[in-house]
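J.: As given, the protein sequences belong to chains Z and A, one line each in that order.
When we follow this note's numbering, the leftmost residue of the first sequence carries the number 1, and every step to the right adds one.
When we follow this note's numbering, the leftmost residue of the second sequence carries the number 1, and every step to the right adds one.
In short, the hints are calculated from the structure, not lab data.
What you are looking at is a predicted structure, and each value in this text was computed from that prediction instead of being measured.
It does not matter which identical chain is meant; a pair holds if it fits inside one copy or across any two.
As a list, the in silico SDA-like pairs of lysine to any residue whose alpha-carbon atoms are at most 20 Å apart:
no.: 1; residue 1: Lys246; residue 2: Asp273
no.: 2; residue 1: Lys246; residue 2: Thr257
no.: 3; residue 1: Lys246; residue 2: Gly81
no.: 4; residue 1: Lys246; residue 2: Gly270
no.: 5; residue 1: Lys92; residue 2: Pro116
2 protein chains.
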Amino acid sequence: MSTETHFDKVTLIGLGLIGSSIARALRQVPVAAHVVAADRSEAVVARVRELGIADEATTDLGAAVENADLVIACVPVGAMGAVAEVIGPHLKPGAIVSDVGSTKGSIVAQMAPHMPQGVQLIPAHPVAGTEHSGPDSGFPELFHGRWCIITPTEGADPAAVDRVAAFWQALGSKTEVMAPDHHDLVLAITSHVPHLIAYNIVGTASDLEQVTESEVIKFSAGGFRDFTRIAASDPTMWRDVFLHNKEAVLEVLGRFTEDLIALQRNIRWGQGDQLFDLFTRTRAIRRSIIDQRQDTADPDFGRGRK
Amino acid sequence: MSTETHFDKVTLIGLGLIGSSIARALRQVPVAAHVVAADRSEAVVARVRELGIADEATTDLGAAVENADLVIACVPVGAMGAVAEVIGPHLKPGAIVSDVGSTKGSIVAQMAPHMPQGVQLIPAHPVAGTEHSGPDSGFPELFHGRWCIITPTEGADPAAVDRVAAFWQALGSKTEVMAPDHHDLVLAITSHVPHLIAYNIVGTASDLEQVTESEVIKFSAGGFRDFTRIAASDPTMWRDVFLHNKEAVLEVLGRFTEDLIALQRNIRWGQGDQLFDLFTRTRAIRRSIIDQRQDTADPDFGRGRK
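This is chain Z alone, in the form it adopts within the complex (with noise of 0.2 Å):
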């Protein structure tokens, strides 16, 4: 490949699960001379420190972005607009800022507008994670055969994109270039409506007055528990993906919502020929992402044997 993927200076900001899962990965792959993590938590800061996991700790943002070659903001996306204006007077020209964040179309508005001429702004989003949330919790095969997606705005230079994308490629990831409105609406259904509804039924499950909670927990193996998995997500995290997402998780939500009714009315008129043919179809998508190993296709995850 002829794309540089060498950069002198990169700078993390905001040290979670994503963030410290960069950084870990950047102590493997040498794609970074010198990596600055920056976190407006002390305590986050010292605890990097104490991990070893970058070159340069501080809480400092403005400082930890000057003469960067690449920034990389992981914070909630309610947190980006905040974030730019911070660094925007820091940046240096030629300078590539990205991001992390599950919503693409917010991040755009909100941190364009700060960023100064000459500075290049690629968000990406690494389709990648865990329940847990913090620098300890992260890990660097985080990315690995993951797929992270870049949405470059109009204008934006390809150069800059490819660095980005080799910059991911380089920690493991499979890349792709999408609109940010196309983005949106797939993290919608892949990602953002799946975590509403998990979150929802924990929510439900805990408020029903004729089942203990003690009875939801001790049968949860029944498939309950997957659910728990997702819905035990960083809590501002998800707000703020649902409140930066709005358009389109509503309009996804209000396709799960009718077929949802539909699949109520099957049950409610014995209708077991459409059950059964939606629980036929569903095994195939399945299949497919066991197959292009996006899945363990280990039973109930692997987790059922120990």
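Based on these hints, arrange chain A on the given structure of chain Z.
T.: Here is chain A on its own, set in the frame of chain Z:
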């Protein structure tokens, strides 16, 4: 324990995931002197013989239960009545008939009329499984640490209930006794509605015109892939569950939808505090499930690190 835990002859009817897991477990624990596998499918019977997981295998259900001390029906809940009708005349006085069905009120209604005098019907439900099905998918540890719910009807012999409980404990399960109706409500929230919404979102995703199936599959690691595992479960089994636990499923589904509409409204009106409160509350339930060892504490079910 003073309960008699030994059975001279145990007959398993239906050698899918659950039946074949019981058969395999009975090879490891000295609970049954002689194990007969009965299945209407000749292919399944042939496979059971190849696997060598039972002492005898036959398609003749009537002959299979003759002289059996314990008969366990492991077929989809819609087939339980037919099984009971066939085996009823062949059961010996003193035999215990049980099952593993995911609904219990319907099992009692279907099977009880066919039980001859002197036979004890003691329904049970091991809350365990994977998304795979068929005689090859079973494994002996499937029930380790999982709960088995026993739902005797009024007038059941307590000694027979104790023997069924002891049987499941020998296979590694914890047991709880519950009324059939209460079981059906508890499982509606911990298993049946979670499966329904998983099937539903996979259907919604594959029907979206603006997002290709290829995109859904590629970016499924955002959360969607978890739902596809559950939605890959056996279609016949699950069709029957919904048709045979209609009342409880519709009741819980009504609450789920009501709660979801409220969340939708929170999103539309930007009510972040309500979202944050729910997302925080749901984390506690996950912790309890892990504390009670009903799920792994590993991030992403342990699959994240391979």
